[in-house]
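Peer 1: The lines below spell out each chain.
There are 4 protein chains.
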Amino acid sequence: MIVVQMNERSSSLDIARVCDHQERRGMQIRVVPGRRGSTIVCEGHSETDLELKKLPSVKAVSRTNCPYPLASLEVSGPQGPVEVGRGLSIGGGSVAVMAGPCSVESREQLLETARGVASSGASVLRGGAFKPRSNPYSFQGLGSQGIDLLLEAREDTGLPIVTEVMSPEDVEWLAPQVDILQVGTRSMQNFPLLKALGRVDTPVLLKRGMASTVDEWLQAAEYILAGGNSRVILCERGIRSFDKSTRNTLDLSIVPLVKSLTHLPVVVDPSHATGKRHLVAPMSLAALAAGADGLIVEVHSRPEEALCDGPQSLDLPAFDGLMNRISRLMDALEPEESEWGLKVAM
Amino acid sequence: MIVVQMNERSSSLDIARVCDHQERRGMQIRVVPGRRGSTIVCEGHSETDLELKKLPSVKAVSRTNCPYPLASLEVSGPQGPVEVGRGLSIGGGSVAVMAGPCSVESREQLLETARGVASSGASVLRGGAFKPRSNPYSFQGLGSQGIDLLLEAREDTGLPIVTEVMSPEDVEWLAPQVDILQVGTRSMQNFPLLKALGRVDTPVLLKRGMASTVDEWLQAAEYILAGGNSRVILCERGIRSFDKSTRNTLDLSIVPLVKSLTHLPVVVDPSHATGKRHLVAPMSLAALAAGADGLIVEVHSRPEEALCDGPQSLDLPAFDGLMNRISRLMDALEPEESEWGLKVAM
Amino acid sequence: MIVVQMNERSSSLDIARVCDHQERRGMQIRVVPGRRGSTIVCEGHSETDLELKKLPSVKAVSRTNCPYPLASLEVSGPQGPVEVGRGLSIGGGSVAVMAGPCSVESREQLLETARGVASSGASVLRGGAFKPRSNPYSFQGLGSQGIDLLLEAREDTGLPIVTEVMSPEDVEWLAPQVDILQVGTRSMQNFPLLKALGRVDTPVLLKRGMASTVDEWLQAAEYILAGGNSRVILCERGIRSFDKSTRNTLDLSIVPLVKSLTHLPVVVDPSHATGKRHLVAPMSLAALAAGADGLIVEVHSRPEEALCDGPQSLDLPAFDGLMNRISRLMDALEPEESEWGLKVAM
Amino acid sequence: MIVVQMNERSSSLDIARVCDHQERRGMQIRVVPGRRGSTIVCEGHSETDLELKKLPSVKAVSRTNCPYPLASLEVSGPQGPVEVGRGLSIGGGSVAVMAGPCSVESREQLLETARGVASSGASVLRGGAFKPRSNPYSFQGLGSQGIDLLLEAREDTGLPIVTEVMSPEDVEWLAPQVDILQVGTRSMQNFPLLKALGRVDTPVLLKRGMASTVDEWLQAAEYILAGGNSRVILCERGIRSFDKSTRNTLDLSIVPLVKSLTHLPVVVDPSHATGKRHLVAPMSLAALAAGADGLIVEVHSRPEEALCDGPQSLDLPAFDGLMNRISRLMDALEPEESEWGLKVAM
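Residue numbers (the UniProt record's numbering), protein chains in the order written: chain A, 1 to 346; chain B, 1 to 346; chain C, 1 to 346; chain D, 1 to 346.
Be careful, since some hints might not be right.
Pairs involving identical chains hold if they fit within one copy or between any two copies, as the list cannot separate such chains.
Said to hold, decoys possible - DSSO-like cross-link-like pairs, simulated, lysine-lysine; straight-line CA separation at most 30 Å:
#1 K195 x K244
#2 K59 x K195
#3 K276 x K244
#4 K54 x K244
#5 K276 x K54
#6 K276 x K59
The set of hints was computed from the structure by calculation and includes no laboratory data.
If we strip away everything but chain A, and leave its shape as in the complex, we get (with noise of 0.2 Å):
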């Protein structure tokens, strides 16, 4: 594979160029913008490139065996964090805390949860509308009723919002409307919707599969990548052993391992991860103390009435005894750690 950097001011002729000049060595091309520049990913054999380096306007020529080159930290450098909007950029040196119910269930109870985050100092506001259930005899969420709620809270709380979406037909209206589009641990290999995620420049939150490796996880992200939607944050959710004293098993040692990897932000979910209410907050400072950029952390204004993973949510007082300790945590964390200790930014 050979993956040419353009500069930011390449023309349209400039990049043709040098897909001519690709094709006619048998290569498969792929363009993809970016803020920097374009890049093209060619795929196939090619021996020489000493002229593919002179053409107009090309900045770099590498060659790479990477699966994931525009994901790859090697391949194409530090990237910077992703810009979510309304203020908020994840990764680089700040902590994003996202906070909120599992699924949204009614006005009352996300607003009430919405306020309680937003006060004790969350980044984002989560909570979900399509709900991905193992029985199709569960509650579904309350669909696009469940968007319009989280868009009053947002409106209420000015904390940008975060919601799955299952489905590629869903991603083009729900695109413009959400600050960040989560996809599920299910859907990590769900090619089409990834692919429907290139097409729109929303930031996505890209859960790891269950059974999925490092490898095909990255290559999940670069799909989104390939596309053209560059906002791409990590997020591990646990994995599925054999044990089962823990929901699903927490791979925190990835986190410094995709952060050696890859230039995208890594957020944890250690409600998911644990199943368990009181393993969220040690997990979240472990996760910290791991490198992680951020968290997504299931908290409900009343657990025991959830319609969907109570056990596992924080209440309001227990987030804002979380967010303390976080903030404590980070400022022990000097500067020069900051490959894997980073500042919260709240």
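Mind docking chains B, C and D on chain A? Use the hints.
Peer 2: Positioned in the frame of chain A, the structure of chains B, C and D alone reads:
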């Protein structure tokens, strides 16, 4: 959960009366049409249903905790084989062998392979037109052009065809064209896709998710059944484990287990499970000895030239040898063993 | 690694010459006596061995990266069946069925079961005297008293006996008494135990560790072989996976895989693998169809009274039915299939 | 199960009376001596124990289904830290860092490393003399010569030493010599070894089996406790999962989980868990943030020359840097968080 089985001649009014009766008791209702009469699945608590049994056209009422009542052998009873059309039915004492290339690559490759497997006695032609690939730069299949080639191969050989569908929006146009729609392992919990498949009546081959429990698999089948499509065929294709000495870990014990839990037929894919050509034949025989209702096997007229999964594809002579062995194996299993050993129907 | 095969009549001096030759080249030497002549395994780097081949009594010299040269089919070639004694050998075209209770509980229970399985055609009587139990307060087996009962049952029925050994210090006194020593799944990498077993010549049934790769399993066998005991029988008994719908996940694909890697025979334990009585018979047939050289099956004259593993034990009539089915299955597999389908020897 | 806690001054006669009382009710008795009085564990059914409570010296009687009553926090209550000797105790608010090479290779290597880790503030020197190796031809450790070198290093640095014991027959002679006996992951269910360790009073570092559940791990600890040795320290070192991007999958969520289930201290081994040097420091911090009572870290004065596990070993400067970071992290966690965040004791 309460499951009400209506008799075959129940009128719309009869059904409406049951629904009304249950809704007034606070239950959530789903009416599932069926060849032998509708089933009404009612979620929620209800204490007494003496009255319910007396309503017109009510054949049976059962109370169950089973999360997949329509798929359950205990709740719904035996349902007979799944009729595929073109004279083929799957389950109920015959062995169906689906064979063909991993992906449709060219007219020549497909026709050559199709004719070969047909002459060796295959029941169904398999071939992928829409390919789920981990990497965005890999060959993604020929798409609708691949479907056209499959239709031509069906015309040529008389074999019904099975092909994968990945996107809910493709279900509507593909369903009338092909004989069996395959749901791949990565899509087993793609709930929008399962719901779309519930709205057509084309048979569905539902592969087990590579990290899915038997319980989750049967609930995924229930999504399709609850949508009104009763033609679901299960397919075990190996799960993910710690050992990479085979591509996946073929979980053959669940064949007799699943047959004790559900009336749906179960076939086995030894090609994806093992990833190694020389293991395909022994595992095919093992699957049938364990009681599988059929096989889905990758066969390629020229495996060394395959764009995808060459190392696990049989060539035509090897497939022919396998079919002979299957035939002898099946003859040895006597009728009274039919709970787990079934006859070849070719 | 260099493996030197000496011929059958090599003298001690011949062997010493080879060792000296290799040690002077900086290699670490291990001499393994064998029925067909000693094997000398040399670890370390050596560039040329033209001289080595010319030393007296050297039959063959091979250079290999295989971590288990003595177990390897490629390096060591076919070795014929493992002779158990009392007229029984395992591997090489016959099917050995080992049957009996999980644990020896009483004289009555053992004799009743032993006579039953003998009359149905079992080849070996199994029974645990030393039981590895997860809990310290659980029944730990009858110990040496259990061994006495096994010896009595052998006297009574003529069946050779297999029983588990857990401690290196028990190997010396147990080895001359029993016909096969079993290494349980939790002991597969108990290296002091494996070394002790290498120092006797009683056949060893080496169960696969529940989380061991095929590679680790064959290296565990190599420990015993390298100690000088060539009589190793492998036993697949299920691995740990995420799905608990069966007790373990029977990894049947490794049967033909392992038979392509090693000359050692492989038997299958469908009882511990599935943990469910109704799955034992189908998985027994499946194991044999996959090419296993035998089975080890839990049978109890009164399963409902068993102190251990009752739910997975067959009663005597069910075992008799299974033996009939095995017999029919084996008849159906023709000789030329013997690479994976073998005849019953009863 | 009934657990009778005797008070500290109970006489042999008092204990005998309780045993007799329970045996006459058909229960199986095990008397476990303890610093705060003996515990009598009684297996079997018993209906009323009003009388039992009135027997002399009986402090408390509890009925439980917990399979590990002595290890259980709920049944046995907090027990305080494990005293290692030489002024060190593990658990109870301090962080113990065990550091040293994977295997003892030479006098020079060991002393150089020992002095280095001592000067950086390690609490314990680790080093393997008896090495469990998957391959029989790999370096198996220096054996008793390695123990001598460890004793010399202890003399030299004042650090207590921890080393692995693999064989029950080695326990008796090793126990009086070393400060902590380590049980490796492959031996967690080596029950003869656990029983031998129950008969000495040297502290035991019990690593979690790579495929063991939390429940099985605590039952393995119970074997040692039930033998009369109350000094058990648990060690999480990563489990086997499908993903090989790290050597094992560090299951950090079980740290706070286990601390809610047992009074035993828990340390974490980030070296074997990740297998990658650059992940050791972030996962060390993460482990402590999750509430671990300590760490066991592989350090080698010259990692590039290590005979074993070089790629996961820190060199001395990296270890020194880690100790500084640990110190800062611990200072940041306030006392009231001590349920999961503990102070460094160096």
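Peer 1: Each hint: holds or not?
Peer 2: Now for the hints, and whether the structure bears them out:
{"no.": "1", "hint": "K195 x K244", "in the structure": "between (34 Å within a copy, 27 Å between copies)"}
{"no.": "2", "hint": "K59 x K195", "in the structure": "within (27 Å within a copy, 48 Å between copies)"}
{"no.": "3", "hint": "K276 x K244", "in the structure": "both (12 Å within a copy, 21 Å between copies)"}
{"no.": "4", "hint": "K54 x K244", "in the structure": "neither (58 Å within a copy, 41 Å between copies)"}
{"no.": "5", "hint": "K276 x K54", "in the structure": "neither (58 Å within a copy, 40 Å between copies)"}
{"no.": "6", "hint": "K276 x K59", "in the structure": "neither (50 Å within a copy, 34 Å between copies)"}
Going through the hint list in order, the structure does not satisfy hints 4, 5, 6.
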